Amino acid sequence: MSGFFALDQYANFIWAAYGVSVLGIAAAIVLCVQAHARAKARLANLEKEPS
Amino acid sequence: MLRYANPKRFMDLSGAALPWLAGAAAIFLVAGFYLGFAAPPDYQQGDTVKIMFVHVPAAWVAMMAYGLMALSAAVGLIYRHPLADAAAKAAAPLGALFTALALVTGSLWGKPMWGAWWVWDGRLTSFLILLLIYLGYIALWNAIEDETRAARATAILALVGAVNLPIIEFSVRWWTTLHQGESILRPGGPSISAVFLWPLFAMALGYTLLFFSLWIVRIRTEILERRARSLMLGLS
Chain Y
13 MSGFFALDQY ANFIWAAYGV SVLGIAAAIV LCVQAHARAK ARLANLEKEP S
Chain V
4 MLRYANPKRF MDLSGAALPW LAGAAAIFLV AGFYLGFAAP PDYQQGDTVK IMFVHVPAAW
64 VAMMAYGLMA LSAAVGLIYR HPLADAAAKA AAPLGALFTA LALVTGSLWG KPMWGAWWVW
124 DGRLTSFLIL LLIYLGYIAL WNAIEDETRA ARATAILALV GAVNLPIIEF SVRWWTTLHQ
184 GESILRPGGP SISAVFLWPL FAMALGYTLL FFSLWIVRIR TEILERRARS LMLGLS
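Protein sequences appear in the order of chains Y and V. Quick note: the first sequence uses the numbering used here, first residue 13, plus one each step. Quick note: the second sequence uses the numbering used here, first residue 4, plus one each step.
For reference, chain Y alone in the conformation it holds in the complex (with noise of 0.2 Å):
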């Protein structure tokens, strides 16, 4: 396994790019489902809402 991730002297920068990747791209997830489940609850309430 160990053998599979070995890089050369320049390893920092290759995990550095794959890092700022992952966590880009988590972060995205992140924020858009949370937007999503939040615009979801507040449309609800409304709807719940006598007119």
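For the record, the hints were derived by calculation from the structure and aren't laboratory data. This one's a predicted model, so the numbers in the text were calculated from it and none came from an experiment. Every residue, glycine too, gets a C-beta built ideally from N, C-alpha and C. Errors might be hidden in some of the hints.
Said to hold, decoys possible - Label-pair restraints from in silico Cβ distances:
| id | chain 1 | residue 1 | chain 2 | residue 2 | range |
| --- | --- | --- | --- | --- | --- |
| 1 | V | PRO169 | Y | LEU43 | 27 to 33 Å |
| 2 | V | SER186 | Y | LYS60 | 55 to 61 Å |
| 3 | Y | ARG50 | V | GLY191 | 47 to 53 Å |
| 4 | Y | LYS52 | V | TRP121 | 16 to 22 Å |
| 5 | Y | GLN21 | V | TRP123 | 26 to 32 Å |
| 6 | Y | ASN24 | V | PRO169 | 32 to 38 Å |
| 7 | V | TRP201 | Y | ILE41 | 24 to 30 Å |
Since chain Y is already given, all that's left is putting chain V on it; use the hints.
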């Protein structure tokens, strides 16, 4: 096409397609990651070639997202279709994210390979301009309160900014740039070896499917928010 683009039908269709799209994105991203790390070092770049597997797909999606945003903006401007406006608005933050990822990962590749984090060459500069256009577009949406006026103003900005797409694409041909020329979509076929091409394809497909999944979630959110706003107006 526009028949299928009413918000109710969009919510039904996208709700059914979303789990499949997201699942396929996850499969291709895991496969791309595995193939990328299983690939041998390049004879010139060594292991830094692995950065290409996250840099190139991010750059590709950044440009595709802008193309889709400009197309949606044009449909919104011409047909006054609210779903098209929502689609354009929803694409911008995602496009900005992938543009930023392409710039940062490119910089992390540039330092060991070129000896510089940044150079003002045609490709890099036009890509930085793409990020600035995205940020300007998002800022303009937030600056105008009236939704119809905001949609029109941002659509014009998106269409004007679309001029930058061919500049990015052809910058490596028009100017002498440090950035390498086309190596995949070029006359005579790809110039890179299949051991690097497969992980690149898998990651590019994974990134593309991920973008569409997130775009759909954001359009659905925008539709729900618009419904909530119109309900609030009705209640007040």
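Cross-check of the supplied hints:
A beta carbon spacing of about 31 Å between PRO169/V and LEU43/Y agrees with the range 27 to 33 Å that was offered as a hint. The beta-carbon spacing between SER186/V and LYS60/Y, approximately 57 Å, falls within the hinted interval of 55 to 61 Å. In this structure the supplied range 47 to 53 Å holds for ARG50/Y paired with GLY191/V, their Cβ-Cβ distance being about 51 Å. For the pair LYS52/Y and TRP121/V, the beta carbons lie near 42 Å from each other, so the given range of 16 to 22 Å is not met.
Between GLN21/Y and TRP123/V, the C-beta spacing of about 28 Å keeps the proposed range 26 to 32 Å intact. The hinted window of 32 to 38 Å between ASN24/Y and PRO169/V holds, with their beta carbons roughly 36 Å apart. Checked against the hint of 24 to 30 Å, the pair TRP201/V and ILE41/Y passes, with Cβ atoms roughly 25 Å apart.
Checked against the numbered hints above, the structure breaks only hint 4 and satisfies the rest.
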